[in-house]
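For the record, the sequence lines run as chains U and S. Okay, so the first sequence: first residue is 1 according to this note's numbering, each after it adds one. Okay, so the second sequence: first residue is 237 according to this note's numbering, each after it adds one.
Wrong hints could be hidden among the right ones.
Said to hold, decoys possible - Label pairs and their in silico Cβ distance ranges:
| id | chain 1 | residue 1 | chain 2 | residue 2 | range |
| --- | --- | --- | --- | --- | --- |
| 1 | U | 161 | S | 294 | 29 to 37 angstroms |
| 2 | U | 204 | S | 406 | 31 to 39 angstroms |
| 3 | U | 217 | S | 397 | 20 to 28 angstroms |
The set of hints was computed from the structure by calculation and includes no laboratory data. On a predicted model such as this, the values are computed, not experimentally measured, just so you know. Glycine included, C-beta positions come from ideal geometry on N, C-alpha and C.
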Amino acid sequence: MRYDDPKLRELLAGRYILGTMAPLARARFERVMAGDATVAREVGDWAERFAPIDEATAPVAPPGALWRRIEAEIGAPAAGRRQRRGWPLWSSLNFWRGFAGLATAVAAAAIVYLGVFQVAPPIATPNFIAVLNDKNGAPAWIATTGDQPDRVFVEAVGRQTIDAAHSFQLWAIAGGAPRPLGLLSPQPTQHLAVASTSLPPTGGVLAVSLEPAGGSPTGKPTGPVLFQGKVFSNPL
Amino acid sequence: MPEAEFLPVELLQRVAVGDRAAFAALYRTTSAKLFGVAMRITQRRDWAEDALQESFVAVWRRAVDYDPVKGSAMTWLATIVRHRAIDQRRRRASTAEARSEPEEALLALASGASDRADRGAELAALKRCLLELETQPRRAVLLAYAYGYTHEELARDLATPVGTVKSWIRRSLERLKRCLDG
């Protein structure tokens, strides 16, 4: 199947959302979608085109027992997966401020970071993707790959504050219009996971703007850019 | 923290890092809407329950795969539920009972009141663009999206060869895209 044929790709994305794909074809298409941001975007566009039909469908309360069945199936919290990784040094704002503005910060931080992980639960291949600084040059968000090389995790350094009427929104900037990557939670222990295929290339920019709660209504940044940083190593 | 402060997208991002409280809040705030969608497709409560259960288990395991380019969080969830409901229907219905919804009932699906005020214009646009299609292709598109009809079921419902149904759908998708994006 030639997914680089835009017409065919578009048709398959539409049929995927319409629901008329045979099960095997759908599974195959989902694997393509997972590794191809263009296909994923076209599927997303189709999903949004038809979404008004679902929104117009009357809600029906599921039986209470259903939630218990779901809970039983996902099981008790497993120690390995559920526990937050402890990053005491990582989360220290003062630690990061000490490196602010230094050209060697990244390399040094990587060494310290690896040092931390020799005693902390290991992450297979930690890689720094970008450090997003505030307008004073202080690091505010760090983007890394964790134990899944196809995911980029963005985490607040220290605690960022934001009111309920606004959201921090992350953007990929590489030449053309900024592309939205997601909303960042201000808590230092929260991650945003982004597919690495959505990342700008090395030399591109990750930026965080202040948007109305839930993100920009227009798909483009509408508020001030509060933090930004260059992508210095795209894992792809 | 009260869950009302969090949108589905924020809850999904927390679920992606294994936050059970966020998962419970996501279920509380979205399950009725999603169960309604599953019921619409399966037309059977027990199948809809199984579809919703499979969907939320999948969401717990795959929340990290959610990417805003795939559409809004709610749309992403609805796509998962629709596919699971379609699977239930295909797996368990020996022969899907033929539906004979009049045209108006099908179109009403695309013209009901939205629970998101900002979506009113999008609903109106979708309905207008659906109305630009010819009757039979429009019925095929709506039966597929709203009720999970397969190509074969559409062919039976519309008394038309499968090949013709497929080409109606292809052309209808092209026309809908042009109409909605234009």
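Right, here's what the structure says about each hint:
no. : hint                                : result
1   : 161/U <-> 294/S: 29 to 37 angstroms : 35 angstroms, holds
2   : 204/U <-> 406/S: 31 to 39 angstroms : 36 angstroms, holds
3   : 217/U <-> 397/S: 20 to 28 angstroms : 45 angstroms, violated
Violated hint for the displayed structure: number 3, the only one.
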